[in-house]
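> Sequence:
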Amino acid sequence: MSYTLVFLFTYLPSIFLSPYTGALVDKINVKTANLLSIIGLLINTIILFMVFILKNESLLIIYMFVAFNSAFNTLQWSAFQKIVYLLFNDKTTNEITKANGFVQAAQSISYLLSPIFSTLVLGLVSINLIISITVILYIVSLILLKNVVLHSKPIISEGKNTWSEIKEGFLFIKNNRPISLLVMYFTFNFFLLGMVNALITPLVLSFANKNSLTVVLTSSGIGMVFGSIAISKWGGPKKRIRGVLIPTILLGVSIIMGGLRESIWLISVSGFIAFFLIPIIRGCGTSIIQSLTPYEIFGRIISIARMLSISSLPLAYLIAGTTIDHMLVPLFKENSQLVEIVYLIIGRGEMREIGLLFVILGIFTVMLGIIGMFSSNLKTLK
-15 MSYTLVFLFT YLPSIFLSPY TGALVDKINV KTANLLSIIG LLINTIILFM
35 VFILKNESLL IIYMFVAFNS AFNTLQWSAF QKIVYLLFND KTTNEITKAN
85 GFVQAAQSIS YLLSPIFSTL VLGLVSINLI ISITVILYIV SLILLKNVVL
135 HSKPIISEGK NTWSEIKEGF LFIKNNRPIS LLVMYFTFNF FLLGMVNALI
185 TPLVLSFANK NSLTVVLTSS GIGMVFGSIA ISKWGGPKKR IRGVLIPTIL
235 LGVSIIMGGL RESIWLISVS GFIAFFLIPI IRGCGTSIIQ SLTPYEIFGR
285 IISIARMLSI SSLPLAYLIA GTTIDHMLVP LFKENSQLVE IVYLIIGRGE
335 MREIGLLFVI LGIFTVMLGI IGMFSSNLKT LK
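Quick note on numbering: the sequence shown equals residues -15 to 366 in this note's numbering.
Calculated from the structure, these hints are not laboratory results.
It is possible that part of the hints are untrue.
[As the list claims (entries may be wrong)] Below, simulated EDC-like cross-link-like pairs (lysine to aspartate or glutamate); rule was C-alpha separation at most 20 angstroms, straight line:
no. : residue 1 : residue 2
1   : LYS223    : GLU334
2   : LYS217    : GLU79
3   : LYS144    : GLU280
4   : LYS194    : GLU79
[Unchecked claim] DEER-style ranges, computed between Cβ atoms:
no. : residue 1 : residue 2 : range
5   : PRO278    : ILE347    : 37 to 43 angstroms
6   : LEU328    : PHE154    : 44 to 50 angstroms
7   : ILE354    : PRO186    : 38 to 44 angstroms
8   : PHE154    : ILE45     : 32 to 38 angstroms
9   : SER196    : LYS317    : 23 to 29 angstroms
10  : LYS151    : TRP218    : 35 to 41 angstroms
11  : ASN159    : ILE347    : 30 to 36 angstroms
12  : LEU129    : PRO278    : 39 to 45 angstroms
Glycine included, C-beta positions come from ideal geometry on N, C-alpha and C.
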């Protein structure tokens, strides 16, 4: 229950606040918005530090910390996306894609190293020292960002209210057919990946131990780092949409691989390939949206697109568990001829229902890429 609430407090603020943070970064100086987000994260972390010092910690305080962190991270994400657009607005699409790749590379390395570092350090020092290090890093970030020169100006006039600004962003997406299709495409993609993410841990632990799970997650993280570096160096194909659609098909194939057998080696390779492809898909997709969106409204468009994409994650987690418990587990208990055929494909073992769902999700992902290849609005995107 506590894990579920942490998940909700992580994603719900980001989902609900994304349109507002997008409007904010279109209204104020993007450097100011970024500084505000870091200051918010810093204050939130200091409060957590004081709570631990006073030994007054509770689950409610942890939930509040996670929620505020999510809110300020959402503002930081929106501001940083607009900074990338600002710095590369007059560059070629190839250079924009490379820039997006560098951003993802930095994020991927932090996602990979942060839990490993925290786990290693937590065994040697107290949680208070880890929080202190986090505070110091936020202060360093503030100093570095304060010295960066960014020439941006507010775009939205003071007379407009926030809801009108957000509505303008939604209308832009609705009236721009290629962008609306691309946002829908990424929403379905996030939904399928969300189900995979929800199932990877129980899949591995159904036949292996936690050390094996660490191997799988680490190989996936390394794949994401290498994929981010690859797109930052390569810049994607000349037609950016191919950098979205073709890797999606390959992503589906890698997900199918992960469900075929109870093999740590196979699942680790599958995870590496899948997470290698994800930065390429996102990098090319983001650069397409950047090239089709005016600077004045970009903060709202990219933030609304993010909101719609990640809003599918809670639903994906819910449907993943429900599908396993109420559909596939009863099906496998029947020992019918159909189940025997399934066993021939995915092998026998504990919780092969999850393996079957992996294969199904992989097939849906492949179909998503193929449908995109035949979509006249998507395949003709410049």
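> Each hint: holds or not?
Comparing the hints with the structure gives:
1. At roughly 44 angstroms between alpha-carbon atoms, LYS223 and GLU334 are farther apart than 20 angstroms, so this suggested pair is violated.
2. Taking the CA atoms of LYS217 and GLU79, the gap is near 9 angstroms; set against the 20 angstroms cutoff, the hint holds.
3. With a C-alpha separation of about 14 angstroms, the suggested pairing of LYS144 with GLU280 holds against the 20 angstroms cut-off.
4. At roughly 41 angstroms between alpha-carbon atoms, LYS194 and GLU79 are farther apart than 20 angstroms, so this suggested pair is violated.
5. For the pair PRO278 and ILE347, the beta carbons lie near 38 angstroms from each other, so the given range of 37 to 43 angstroms is met.
6. Checked against the hint of 44 to 50 angstroms, the C-beta distance between LEU328 and PHE154 comes to roughly 48 angstroms, which is consistent with it.
7. In this structure the supplied range 38 to 44 angstroms is violated for ILE354 paired with PRO186, their Cβ-Cβ distance being about 29 angstroms.
8. With their beta carbons about 35 angstroms apart, PHE154 and ILE45 fall inside the hinted range of 32 to 38 angstroms.
9. The hint said 23 to 29 angstroms for the Cβ distance between SER196 and LYS317, and at roughly 27 angstroms that hint holds.
10. Taking the beta carbon of each, LYS151 and TRP218 are about 38 angstroms apart, inside 35 to 41 angstroms as hinted.
11. Between ASN159 and ILE347 the CB atoms are about 33 angstroms apart, so this pair conforms to the stated range of 30 to 36 angstroms.
12. Separated by about 25 angstroms at the C-beta atoms, LEU129 and PRO278 break the suggested range of 39 to 45 angstroms.
Taken one by one, the earlier hints fail for this structure at numbers 1, 4, 7 and 12, listed in ascending order.
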